[in-house]
Amino acid sequence: MALLQACDFGGEPPFQRLAGRHQQLRHAHDRIDLPCFAAFDLLKDAEGTAILERYYVHYAEMARDKGIGLVLEAPTWRANADWAAKLGYDAVTLADANRKAISLLLRVRAAYETPQTRIVISGNLGPRGDGYVPGAIMTAAQADAYHAPQIDTFAQTDADMVAAFTMNYVEEAIGIVAAAKACGMPVAISFTLETDGRLPSGDSLRQAIARTDETSGTYPAYYMINCAHPTHFDTVLQDGGEWRQRIRGLRANASRRSHAELDESADLDDGNPVELGLEYKALQAKLPRMTVVGGCCGTDHRHVDAICRSLQG
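Going by the UniProt record's numbering, the sequence shown opens with residue 1, and the numbers climb by one from there.
The hints are simulated quantities; they were obtained by calculation from the structure and are not laboratory data.
Mixed in with the good hints there might be a few duds.
[To be verified] Think about it this way: if two alpha-carbon atoms lie no more than 25 Å apart in a straight line, the pair counts; the simulated BS3-like pairs of lysine-lysine are:
# : residue 1 : residue 2
1 : K100      : K181
2 : K66       : K100
3 : K66       : K86
4 : K44       : K86
5 : K86       : K281
[To be verified] Just the calculated beta-carbon pair ranges, DEER-fashion:
#  : residue 1 : residue 2 : range
6  : E242      : T93       : 42 to 48 Å
7  : A145      : E261      : 33 to 39 Å
8  : R54       : D158      : 21 to 27 Å
9  : E242      : I51       : 41 to 47 Å
10 : G88       : L278      : 41 to 47 Å
11 : A111      : V133      : 36 to 42 Å
12 : G217      : Q156      : 22 to 28 Å
13 : A81       : Q207      : 26 to 32 Å
14 : I137      : G217      : 22 to 28 Å
Ideal Cβ positions, reconstructed from N, Cα and C, are used throughout, including at glycine.
Throw the hints in and build the complete structure from the sequences for me.
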């Protein structure tokens with residue numbers, strides 16, 4: 001935990017996260033088949049592990065060249081029981097895959113971390129169901145029990161934190177925070193938003209953060225927004241409320257498409273990297289504590305580079 005405390009996700013922005021790994025692997029030069037968007041499945045053999053390592057090394061080199069920090073995110077967004085079962089994993093092999101993911105990131109950190117480029121290792125979690133549709137909503141207690149095994153596995157490694165992405169209803173986020181708190185793991189919660197700036201469940205972002213903080217004693221280290229274009233939530237941030245101080249990170253889509261449109265799309269909409277960087281810059285006034293940045297759907301190294309250049313300019 002020392003690295004997380006030392007970095008404190010503060011200092012001069014930006015603190016770089018990664019781009020849209022799953023779509024990048026599927027559409028870029030590697031043309032990798034990822035059933036269920038389960039990037040962790042690549043860890044089952046040396047070839048797949050090498051593909052992932054190349055991906056991480058690229059961003060580690062970028063962060064080192066820019067002299068900024070980096071959050072290396074484990075490719076474990078789908079590495080929970082229900083999704084992994086579709087790919088033939090049981091509890092034992094799934095836990096092993098989660099451990100392998102952290103081991104890979106630790107190797108990259110050992111090779112690329114410098115005093116200027118501090119590297120945080122994050123064990124990533126995703127929703128039990130679809131990332132875009134709430135579907136069968138769990139209670140907070142059910143979400144705690146469901147996600148606890150993955151979080152406990154991360155807690156037994158040298159991961160610095162856990163982070164839950166594409167959370168589309170509040171109860172699941174609350175359960176994940178409870179499970180992380182029980183393990184003593186720092187946790188970040190990233191909500192996804194529709195084109196109206198609300199969670200797919202209909203909750204406002206402000207309500208989602210307030211409820212999660214209230215039930216957990218403000219345990220999350222910070223909150224993020226991911227898998228939404230800045231134009232989808234820009235107006236939501238205009239009220240000037242103090243709640244915005246809890247949002248430290250952003251992984252926006254390059255695409256302006258809705259979740260439904262993205263789900264049905266056969267092509268990768270990569271938008272305009274420079275324009276996206278400028279939109280991040282414009283959001284700084286509304287998100288004054290935004291120091292952890294990256295990309296989601298449609299993004300790659302070009303977008304992350306443009307975002308960092310814009311925020312550093």
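Hint check:
no.: 1; hint: K100 with K181; result: holds (23 Å)
no.: 2; hint: K66 with K100; result: violated (28 Å)
no.: 3; hint: K66 with K86; result: violated (40 Å)
no.: 4; hint: K44 with K86; result: holds (15 Å)
no.: 5; hint: K86 with K281; result: violated (40 Å)
no.: 6; hint: E242 with T93: 42 to 48 Å; result: holds (45 Å)
no.: 7; hint: A145 with E261: 33 to 39 Å; result: holds (34 Å)
no.: 8; hint: R54 with D158: 21 to 27 Å; result: holds (22 Å)
no.: 9; hint: E242 with I51: 41 to 47 Å; result: holds (43 Å)
no.: 10; hint: G88 with L278: 41 to 47 Å; result: holds (45 Å)
no.: 11; hint: A111 with V133: 36 to 42 Å; result: holds (39 Å)
no.: 12; hint: G217 with Q156: 22 to 28 Å; result: holds (24 Å)
no.: 13; hint: A81 with Q207: 26 to 32 Å; result: holds (29 Å)
no.: 14; hint: I137 with G217: 22 to 28 Å; result: holds (23 Å)
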